[in-house]
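Trainee: Here is how the chains run, residue by residue.
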Amino acid sequence: MIEVQALCKDFHVHRKQEGLMGSLRALVKRETVVKHAVKAATFHVAEGEILGLVGANGAGKTTLVKMLAGIIHPSGGEARVLGHRPWERTRDFQRHIALIMGQKAQLWWDLPAADCFLLLKEIYQIPEARYRETLAFLTETLQVKGELNIQIRRLSLGERMKMELIAALLHQPRVVFLDEPTIGLDLSAQRAIRDFILYYREQHRPAMILTSHYMEDIERLCERILIIREGELVFDGPLVEVMRTHARHKVISLQLKPGAPSVNLRRLLGTGRDVEVLEEGPERIRIQAPRDEIPNLAGRLVSELQVHDLAVEEVDIATVIEGLLHARGGGQAAPEELAAPEELAAPEEVAA
Amino acid sequence: MTRALRLYSHVASVEARKAMSYRADFWVNVILSFFAQLGVMWYLWQAIFATTGQATIGGWDLPAMLRYYILVILAGKLVRGQEMMAGLSQDIYDGGLSRYLLYPASYWAFKYAQHLGSLLPSLVQFLLFFLCLPLLPGGVGDFHPGAAALLMGALAMALGNLLYWLLQLPLQAVAFWADNVWSLGVLLRFISGLLGGAMLPLDLFPDSARRVLEWLPFAYLFDLPVRALMGQLDPAAWLKGMAICAGWCLALYVVSGKLWRSGERGYTGVGI
Numbered sequence: 001m002i003e004v005q006a007l008c009k010d011f012h013v014h015r016k017q018e019g020l021m022g023s024l025r026a027l028v029k030r031e032t033v034v035k036h037a038v039k040a041a042t043f044h045v046a047e048g049e050i051l052g053l054v055g056a057n058g059a060g061k062t063t064l065v066k067m068l069a070g071i072i073h074p075s076g077g078e079a080r081v082l083g084h085r086p087w088e089r090t091r092d093f094q095r096h097i098a099l100i101m102g103q104k105a106q107l108w109w110d111l112p113a114a115d116c117f118l119l120l121k122e123i124y125q126i127p128e129a130r131y132r133e134t135l136a137f138l139t140e141t142l143q144v145k146g147e148l149n150i151q152i153r154r155l156s157l158g159e160r161m162k163m164e165l166i167a168a169l170l171h172q173p174r175v176v177f178l179d180e181p182t183i184g185l186d187l188s189a190q191r192a193i194r195d196f197i198l199y200y201r202e203q204h205r206p207a208m209i210l211t212s213h214y215m216e217d218i219e220r221l222c223e224r225i226l227i228i229r230e231g232e233l234v235f236d237g238p239l240v241e242v243m244r245t246h247a248r249h250k251v252i253s254l255q256l257k258p259g260a261p262s263v264n265l266r267r268l269l270g271t272g273r274d275v276e277v278l279e280e281g282p283e284r285i286r287i288q289a290p291r292d293e294i295p296n297l298a299g300r301l302v303s304e305l306q307v308h309d310l311a312v313e314e315v316d317i318a319t320v321i322e323g324l325l326h327a328r329g330g331g332q333a334a335p336e337e338l339a340a341p342e343e344l345a346a347p348e349e350v351a352a
Numbered sequence: 001m002t003r004a005l006r007l008y009s010h011v012a013s014v015e016a017r018k019a020m021s022y023r024a025d026f027w028v029n030v031i032l033s034f035f036a037q038l039g040v041m042w043y044l045w046q047a048i049f050a051t052t053g054q055a056t057i058g059g060w061d062l063p064a065m066l067r068y069y070i071l072v073i074l075a076g077k078l079v080r081g082q083e084m085m086a087g088l089s090q091d092i093y094d095g096g097l098s099r100y101l102l103y104p105a106s107y108w109a110f111k112y113a114q115h116l117g118s119l120l121p122s123l124v125q126f127l128l129f130f131l132c133l134p135l136l137p138g139g140v141g142d143f144h145p146g147a148a149a150l151l152m153g154a155l156a157m158a159l160g161n162l163l164y165w166l167l168q169l170p171l172q173a174v175a176f177w178a179d180n181v182w183s184l185g186v187l188l189r190f191i192s193g194l195l196g197g198a199m200l201p202l203d204l205f206p207d208s209a210r211r212v213l214e215w216l217p218f219a220y221l222f223d224l225p226v227r228a229l230m231g232q233l234d235p236a237a238w239l240k241g242m243a244i245c246a247g248w249c250l251a252l253y254v255v256s257g258k259l260w261r262s263g264e265r266g267y268t269g270v271g272i
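Sequence order for the protein chains is A and W. Under my numbering, the first residue of the first sequence carries the number 1, and numbering increases by one thereafter. Under my numbering, the first residue of the second sequence carries the number 1, and numbering increases by one thereafter.
Possibly wrong hints are sitting among the right ones.
What the simulated footprint calls covered on chain W by chain A, stretch by stretch (three residues with Cβ under 8 Å from a Cβ of chain A suffice, anywhere in the stretch; the number is not a length) [stated by the list, open to error]:
1) 59-73
2) 148-156
3) 223-234
No farther apart than 30 Å at their CA atoms in a straight line, the calculated lysine-lysine pairs in the DSS-like style are these [what the hints assert, rightly or not]:
4) W:K240 - W:K111
5) W:K240 - A:K29
6) W:K258 - W:K240
7) A:K35 - A:K145
8) W:K258 - A:K35
9) W:K240 - A:K145
10) A:K16 - A:K29
11) A:K104 - W:K240
12) A:K16 - A:K35
13) A:K104 - A:K145
14) W:K111 - W:K18
15) W:K18 - A:K104
Calculated directly from the structure, the hints in this document are not laboratory data. As the structure is a computational prediction, the values presented were derived from the model and not from experiment. Positions of the beta carbon are idealized from the N, C-alpha and C atoms, including for glycine.
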């Protein structure tokens, strides 16, 4: 549904020096720098798939989404969305896509949501019966039926975001771009939006691209992610693959029996490389160690300590991705790194 | 075609409802703004006639001059509308254009429909004061337009409205390269007011200037509709004016289209 081949976008940005002299100088001559916002991005998204686009601020996520939604022209490369070049903006393309921007209201501020939806019904030429049916379904599912006749500007952020979602999905798009749809929302509103996106995906099987800084959005919604760093795609693969290839450690959490004698943990752990004690208390110990050392280490700990409970946990995915985002150099992950995913083991519970 | 008409009439209707959302602003716009402008003109021209001691200036006596200004104020608001308020340049500047690029609808038609819908307060003002005009004292209300004058005036205002909107388009498209083009809008307002007859009747210009003005677009914004309403134009003169006005509309449409296509390639969709 979405095919992207070596897509690039460069921006020419004016740079102005600070202060009054800088402003005066800029009136006559301005320095222009070229910013490579997206560098040769290549990927695809299939029907019914939610692709997570992860990157730091300014990494190029939104620029990529804007190109695929047809808002801006690329500097190079090619893209096809539903068989169309997005930036040509054919009516057929526009009728089947939607873009939801968490940071920018798209509905008409002074109008009640009901009036905005009626206008969108005309814009997308939605037949009356289908419009009524879809609107009833969306408002009931998102529980905003009572707020339909309130001006958009008077709604809470969460209610407004739900209205934005309804507005974007009224015409039942086949491709949906979600740019930080849960930004600024409280936890229950975030959960409601996530549940709804999953439900919508199940019902309509659209291709979706989601950008978010909230790892919970990514973990709950996306099977596959793209990691973008300074305009370059550095990882494309299943979420579990990030853990397999980039989370080289696991964490052993031990719950000791009450009154257990203290031991010299450093001596017990030996000289194993890369083993780190994250927490050491009278009843709780947490140790981070390389994946391949976990079985030996766990066995040794269970035999030497009075363990009440033991759990082996994956390192927090946000930490792994953060490490990837801020790593310097490198490029797109090597093909062998993008090999077929293996099943990620759930935290292994080992009874003492 | 019918579907498109239905969409754009719906857009205009939504905009008209928005214009009525804020009651106090609506009535200030309709009533106070008229009296504020009229007051300035009334006392200015009374002072000019009193100072010069002349019965007529450029063929206009004081009641006719005041009548002209009343009609210019009323027709001018219908021709100019809300100007840059809902303009392309603002959409480019703040990234508001992005949402329109997503819709399967013409951006220009959408914005023009919004522009027409936002004329509602100006239309109410026009009807209200136009009907009251014959009641004014001192010969100012000596005004009895026939059906032909009303029809020619209404059509000239409609075409003038389109012309003014199209005059703004290329200027607003400059925002693709310059971000902020507010000063160009102010310049257009001043030049069109001066050369279009909103500041003073074009009869007061020298003959040579009037001959040039005839081929510029500005005279068809205010001078043509007001003269038509006052019954000063015969059908042939009106038709010639309308033809020149339509020619300018077409030329501006073509130029704006080229600028738009070139400019939107560099649009960055800031703000999202």
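Trainee: Hint by hint, say whether it matches the structure.
Mentor: Hint check:
{"no.": "1", "hint": "59-73", "verdict": "violated (count 0)"}
{"no.": "2", "hint": "148-156", "verdict": "violated (count 0)"}
{"no.": "3", "hint": "223-234", "verdict": "violated (count 0)"}
{"no.": "4", "hint": "W:K240 - W:K111", "verdict": "holds, 29 Å"}
{"no.": "5", "hint": "W:K240 - A:K29", "verdict": "violated, 47 Å"}
{"no.": "6", "hint": "W:K258 - W:K240", "verdict": "holds, 28 Å"}
{"no.": "7", "hint": "A:K35 - A:K145", "verdict": "violated, 45 Å"}
{"no.": "8", "hint": "W:K258 - A:K35", "verdict": "holds, 27 Å"}
{"no.": "9", "hint": "W:K240 - A:K145", "verdict": "violated, 56 Å"}
{"no.": "10", "hint": "A:K16 - A:K29", "verdict": "holds, 10 Å"}
{"no.": "11", "hint": "A:K104 - W:K240", "verdict": "violated, 48 Å"}
{"no.": "12", "hint": "A:K16 - A:K35", "verdict": "holds, 15 Å"}
{"no.": "13", "hint": "A:K104 - A:K145", "verdict": "holds, 23 Å"}
{"no.": "14", "hint": "W:K111 - W:K18", "verdict": "holds, 14 Å"}
{"no.": "15", "hint": "W:K18 - A:K104", "verdict": "holds, 20 Å"}
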